[in-house]
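Chains as they are written, first to last, in the numbering used here: chain A, 1 to 279; chain B, 280 to 558.
If you are wondering where the hints come from, they were derived from the structure by calculation, not from laboratory data. Note that the coordinates shown come from a computational prediction; the quantities given were computed from them, not determined experimentally. The C-beta atom is built at its ideal place from N, Cα and C for all residues, glycine as well. A portion of the hints provided could be inaccurate.
To be verified - Here are the simulated DSSO-like pairs of lysine-lysine, each with C-alpha atoms no more than 27 Å apart in a straight line:
no.	chain 1	residue 1	chain 2	residue 2
1	A	K226	B	K505
2	B	K505	A	K204
3	B	K483	A	K226
4	A	K128	B	K407
5	B	K483	B	K505
6	A	K226	A	K204
Stated by the list, open to error - One-sided and incomplete, this derived list gives chain A residues near chain B with beta-carbon spacing under 8 Å:
no.	residue
7	A218
8	L224
9	S229
10	R230
11	G234
2 protein chains.
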Amino acid sequence: MRIAEQGARIAFQGERGAFSEEAAIALLGEQIVLVPRPTFEALFASLEEGASDYVLAPIENSLAGSVHRTYDLLLERSLYIIAETVIPIAHHLIGCPQARFEDVCVVESHPVALAQCERFFAAHPHIKRIVADDTAGSVRHVVELGDPTRAAIAGARAAEVYGGRILREHLEDHRENYTRFVLLANAPRVVPDADKLSLVLRLKHEPGALHRALEPFARRSINLLKIESRPVAGQPWQYRFYLDLQVGADAPELSAALADLRASVDQVRVLGSYRAARL
Amino acid sequence: MRIAEQGARIAFQGERGAFSEEAAIALLGEQIVLVPRPTFEALFASLEEGASDYVLAPIENSLAGSVHRTYDLLLERSLYIIAETVIPIAHHLIGCPQARFEDVCVVESHPVALAQCERFFAAHPHIKRIVADDTAGSVRHVVELGDPTRAAIAGARAAEVYGGRILREHLEDHRENYTRFVLLANAPRVVPDADKLSLVLRLKHEPGALHRALEPFARRSINLLKIESRPVAGQPWQYRFYLDLQVGADAPELSAALADLRASVDQVRVLGSYRAARL
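Given only the sequences and the hints, what does the whole structure look like? Please build it.
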């Protein structure tokens, strides 16, 4: 089954050459309309504005961890996960065509990209970091400026698209660097070959509450792939929990597990049932 | 009992006027020697270098969530938590004395401070964000530059220390904004009135593993205050879990619970037993 209809408009955060663009094409092929958006806010607003049919957002990197803005905005906007994909990430230092590594003293990139090159910045403390909305956009900016003291951190695809020069390869702290993206829609989707389920819950305030919430899945041998806690704004030291479970949407044990879960927690919302990406 | 001996050297990340400085004094009083360090790497290295006796590090903000660098470095450096404190955070936009809000187009601050003023930046998309190592240091920098188009985000204490002008008050997304700090030492400490315990664990790879790891505490009504998962570098989609438990170090049920835990998980390390901060 096709995930997105031919010609569907897929919004992503960034500009041409971004890792998100690469992920969109890996997941959906070339027969889609790409809708770039400069910020996460604008990305998530694009569905309500009618400017896109789906949103593709990074949700987790294997080094930096979860992308908290995606977790928070997914909930604020009441969206559903209908698919996911994983792509490998290699970060390069990219300057304008005349740049040399020795001259670089300012590096701009997306905060997640900066965060996963910590060792590079620790080894070069004179290099200043600037937050940009997008890895690829920072390459475009650096090439446009033509200032040899500035560089960007982005993938090789961005260097190619904008004519940047790769000054150092593989700045990422570890080579096992992957980013997982989720495809989000306004409505839930029945995916016949779904084998993964995501949900978000609020626990009751009592000892053992998380243990009891996990029990319906543990008892039925439903594997918990990931748990993420996020603070509840305005209620210090209270959290909501995002769970990813390895289970098909029509698995006979799932509806009973969800019924048990609803009985033991304050709130639960299923975020989607979809096909897990293979690494 | 005194947490740190008189004249103890307390390293913190930032410069004079930083929230960390405020937290150090709130926790330990004025009879300490403050050791400012420009980066998290330098902060955590200060103990091994013999430049400090203790490290005070932010571990969680009630809006932005966990400070992942602290979780990661605490483990890399094999440190122990011996105390914690919580302080309220109010973020102000601070410029040089002649600055006006209308002229500001670049704002620098610590990435956590920038992250918790998302609404301000969404409402002022022309303002560019620059990552700095420290909130207070960004105020010092802005005042030194004397450039009215630049401003910093920091607490009122930093404006006072460096003679900056507050251009906008309370940029934080929510007023219920608190940061929790932990005091770290090279060795564990017996704290007689401890009522909180932190540990980190690696689960076995099997369904129900997290549920089983929580069972020894749930069964004994030991309250789980927080759970944080962090990726294991080099092993995509594998996590370690940090648990905060509401339990005294000499509670009779604790040693049995820890023995049960060790039998059900791959690795466990107690990070410390200490007195919980009151909000």
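Hint check:
1. K226/A to K505/B: holds (16 Å)
2. K505/B to K204/A: Between K505/B and K204/A the Cα gap is close to 14 Å, so the pair holds against 27 Å.
3. K483/B to K226/A: holds (14 Å)
4. K128/A to K407/B: Answer holds: K128/A to K407/B is near 15 Å, not above 27 Å.
5. K483/B to K505/B: holds (20 Å)
6. K226/A to K204/A: Holds, at roughly 20 Å.
7. A218: Hint holds; A218/A Cβ to chain B Cβ min 3 Å, cut 8 Å.
8. L224: holds (6 Å)
9. S229: holds (6 Å)
10. R230: It holds, given that the least Cβ distance between R230/A and chain B is near 6 Å, below 8 Å.
11. G234: Because about 5 Å separates G234/A from the closest Cβ in chain B, which is inside the 8 Å limit, the hint holds.
Of the numbered hints listed earlier, not one is contradicted by the structure.
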